[in-house]
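> Single-letter residue listing:
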Amino acid sequence: MVATVLVTDDAKFMRMRLRKIIEGLGLDVLEAGDGEEAVRMYKEHRPSLVLLDITMPTKDGLQALKEILAEDPNAKVVMCSALAQQTAVVAALKLGARDFIVKPPDPGRVVQAIKRLM
Amino acid sequence: MDRRAVLDSVVQAAQEIIPALTSEPVDGVDVDQGEPESLDVSVVVGFAASLRGFLVVQMSEKTALAVAGRMLGQDCRELGSMEQSCLSELGNMVMGTATGILESDGYHLKVAVPAVVVGRHRLSAPGDGKSEVARLAWGGEEIWLKVVAEEA
Chain G
5 MVATVLVTDD AKFMRMRLRK IIEGLGLDVL EAGDGEEAVR MYKEHRPSLV LLDITMPTKD
65 GLQALKEILA EDPNAKVVMC SALAQQTAVV AALKLGARDF IVKPPDPGRV VQAIKRLM
Chain Z
364 MDRRAVLDSV VQAAQEIIPA LTSEPVDGVD VDQGEPESLD VSVVVGFAAS LRGFLVVQMS
424 EKTALAVAGR MLGQDCRELG SMEQSCLSEL GNMVMGTATG ILESDGYHLK VAVPAVVVGR
484 HRLSAPGDGK SEVARLAWGG EEIWLKVVAE EA
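Top to bottom, those sequences are chains G and Z.
The working numbering puts the first residue of the first sequence at 5, with every later residue one more than the last.
The working numbering puts the first residue of the second sequence at 364, with every later residue one more than the last.
Extracted from the complex, chain G is given alone in its bound form (with noise of 0.2 Å):
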């Protein structure tokens, strides 16, 4: 079976770019806009790997991280967001995310943080 990356951005823009990025490595893509859809599309399909951006409407990056981490402890979830603030990308690790992205994403440290946890 295919291993499935969980793509979560409000940017429309943005998960098509890492979607292009994802399905170069043949990795399946799943897509969700917000943070509340992160989640329940995590319960309904447990994905290997979750990329989840912070400033989101609806519920953001860091409180998916933490419901995600209740459901799943061993869940892996990179945090990829615009927000570089040393402050956000501690707050995320902290919290148990295994690695953190600044945007714009370079495609070869999106492909080195996948190849690391898969």
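Careful, some of the hints might be misleading.
[Said to hold, decoys possible] Residues from chain G shown here face chain Z by an in silico Cβ test under 10 Å; the list is partial:
hint, residue
1, Phe17
2, Asp57
3, Ser85
Because the hints were derived from the structure by calculation, they are not lab data.
Quick caveat, the model's predicted, so the values are computed rather than measured.
Beta carbons: idealized from backbone N, C-alpha and C, even for Gly.
Once you have looked at the hints, place chain Z on chain G.
Then chain Z, alone, in the frame of chain G:
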């Protein structure tokens, strides 16, 4: 922290982010250019801390189509949902990167989800309505950055 510090960080961020997204350099920056004429497209990103206000990235429809086209690697003829998403993400990345620059100077800003406004318009400013403005030259086009803020 004041409006000018936010604008300086936004300009620095835009000079990094716009070329990264469009593969086209920013050719020049003019600060204190006064108010832009009402333009067709605005990307509004709210922020709050000791200052509260918003960043507006403003441009003509022609410029917006050129920016989205470069981001998508294709010709864009109308500002549909994908093109607006490109512009929204550009505003998000510029403001997100600016917050990182400000944080290294000891300031912390909370940033909201961007909103894109399409169609000739003017934006009303809150509080005293004072703003700091910079004009970027990009690909023969103009992109305006406007920081409107007041003490929280």
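> Give a verdict on every hint.
For each hint, the structure was consulted:
Checking Phe17(G) against chain Z by beta carbon gives a least distance of about 4 Å; that is within 10 Å, so the hint holds. The beta carbon of Asp57(G) comes within 9 Å of a beta carbon in chain Z, closer than 10 Å, and the hint placing it at the interface holds. For Ser85(G), the interface hint holds, since its Cβ comes within 10 Å of a Cβ in chain Z; the closest pair sits about 7 Å apart.
In this structure, every one of the numbered hints holds.
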